[in-house]
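Line by line, the protein sequences are chains A and B.
Counting in my numbering, the first sequence runs from 1 upward without gaps.
Counting in my numbering, the second sequence runs from 1 upward without gaps.
Read the hints as simulated data drawn from the structure, not as lab findings.
Treat each hint with caution, since some may be false.
Stated by the list, open to error - Heads up, simulated DMTMM-like pairs for lysine to aspartate or glutamate below, C-alpha to C-alpha not over 20 Å straight-line:
(1) K15(A) - E17(B)
(2) K192(A) - E17(B)
(3) K192(A) - E84(B)
Unchecked claim - If you only want the chain A side, here are some residues facing chain B, beta carbon under 10 Å, derived:
(4) V62
(5) D63
(6) D157
Yeah, the Cβ is synthetic: ideal placement off N, Cα and C, and Gly gets one too.
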Amino acid sequence: MTTSAINNLINLLAKLPGLGPRSARRAVLTLIRRREVLLWPLAKALAEVAETVCTCKTCGNVDSCDPCYLCADQGRDQALICVVENVSDLWALERTRAYKGLYHVLGGTLSALDGITPEDLNIPHLVERAADPAVLEVILATSLTVDGQTTAHYITDKLHASCVKISGLAHGVPVGGELDYLDDGTLHAALKQRKPL
Amino acid sequence: MKWCDEGIVLSSRKHGETAAIVTLLTRSHGRHLGLVRGGSGRRARGLYQPGNCVYVTWHGRLPEHLGTFSCELESTVTSEVLHEPMRLAALCSACAILDASLPERENYVAIFEGIRLLIKALAHEEDLVWMTVYVKWEVGLLQELGFGLDLKACAATGVTKDLAFVSPKTGRAVSINAAKPYESKMLPLPAFLLPGGGMPARFDIVQGLRTTGYMLNKNVFYPSALGRTPDARARFMDRLKA
C-alpha cells in the first residue's frame with residue numbers, strides 16, 4: 001500500500017458524518033494495525049453492501065433484496081402503513097419493537113427553501129398503496145417541524161379520497177422528562193394533546 | 001463587532017453536520033443571515049423553526065462578514081399552528097415571501113411590525129380574522145417594497161364609490177363602470193380592502209390574495225432571482241381555494 005492509497009482512504013473516511021481528517025487518520029491507523037480482524041472484514045462488508053444493497057420498490061427502505069425484509073414479512077400487520085421521512089426514522093421505529101406494521105419512506109420533507117416539491121417525494125406511490133382495500137390506517141410519523149408537519153398535512157389531503165384512517169404520532173413530554181426542563185413548544189403541544197386519565 | 005436585536009426566524013438551512021445558516025428578519029438590521037453553531041443539532045433545531053420570535057446577538061469581525069448568531073427564544077408560534085394546516089400554510093407562505101423578497105441588511109421596521117402582528121393573529125385569532133390580517137399584510141408588504149396599491153379613487157374617472165377592480169398594470173383601483181370594457185383583464189378588489197369595508201367572506205379573501213399575488217409576482221418575484229412565487233404561497237392559495 002502506497003502513501004497515496006492511505007491518503008485516499010483517509011480523505012474518503014473524513015467525508016463520513018461524525019468524522020474529520022483527524023479521526024479519519026486514527027481510524028485508518030487502527031485498520032492497518034488490525035488488518036486481519038478489522039480491515040479485511042470491513043473491505044469485504046463494504047464490497048458486499050455496494051454490490052447488493054438496493055432501495056425497496058414498495059416502501060423505499062434499503063435492503064439487500066427487493067422487496068425488503070419488512071415488506072416480505074407476512075407476519076407484519078398489512079393493514080397499517082407508517083410514513084417516515086427517511087430510512088433512519090424507520091430504523092428508529094424498528095428499534096422500539098413497538099410497531100409491527102409496514103412502512104413507507106418519503107425520502108425527505110417538503111421544503112420551500114431547498115426547493116423540494118411533492119414531485120420529489122415518494123407520495124404518489126403512497127397514495128397507490130393506501131388505495132389497497134387491505135390497508136386500514138396510515139400513521140404519519142413525520143418530524144414535529146414546520147417542514148415535517150407541512151408534509152403531513154399535504155399527505156392528509158392527498159389521502160382524503162382513499163377511505164383509510166389517518167393518524168399522527170403524539171407529541172409532548174418525553175419519557176423521563178421533567179417539566180421544568182422542557183421548552184415552551186413541547187409543553188404547549190403536551191397541554192394541547194392532554195388526555196383523560 | 002457585535003449587536004443585539006429582536007428577530008423572527010424566516011428560514012434555516014443545514015450547514016455541515018450540526019451548524020445552520022439561519023435567516024432572521026430583525027427589527028433594526030432587516031433580513032440578516034448568520035451562522036448558528038449547533039443550529040441543526042437535536043437541542044437547538046426547535047428554536048430555529050420559521051415564525052419563532054427570538055432575541056439575537058450577532059458577532060462578526062467585520063460588518064460585511066456572515067458572522068454568527070446566538071439566539072434566545074422570546075415566543076414561539078410554531079407549536080400553536082403546527083396542527084392547523086391552514087394557519088401553518090399561511091405562516092410558511094409569509095416567511096417564504098419575506099425570505100425571497102427582502103434585500104439583505106436593509107432596515108424595514110414596518111414589515112417587521114407587520115409580520116409580528118400577523119404571527120400574533122395566526123396564533124390567537126379566528127379564521128376569518130387572521131385571513132383578513134394576512135391579505136392586508138401582503139398589501140402592506142407591497143406598499144413597503146414600493147409597489148403599493150392605490151385604492152383611494154378610480155384611476156379612470158376619479159370617483160371614490162363602486163370601486164371593485166384593480167388595474168393589473170398600475171395597481172390603482174377602478175370603478176365598476178370604468179372597468180366594464182376590460183372586466184376580464186382586471187384584478188378583483190374585495191370590499192374589505194377599502195376603508196369601512198367590513199368583514200370579508202372566504203371568497204373575498206381568495207379574491208384579495210389573487211390580486212396581491214399577481215402584484216407580488218409581477219413586481220417582486222418575477223424580476224428576482226427566484227423568478228416565480230414561492231411554492232409555500234402557492235400551496236397556501238391552493239389550500240384556501242379547496
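Item to check | Hint check against the structure, violated hint numbers in rising order | outcome: Hint check: 2, 4, 5 fail, others pass.
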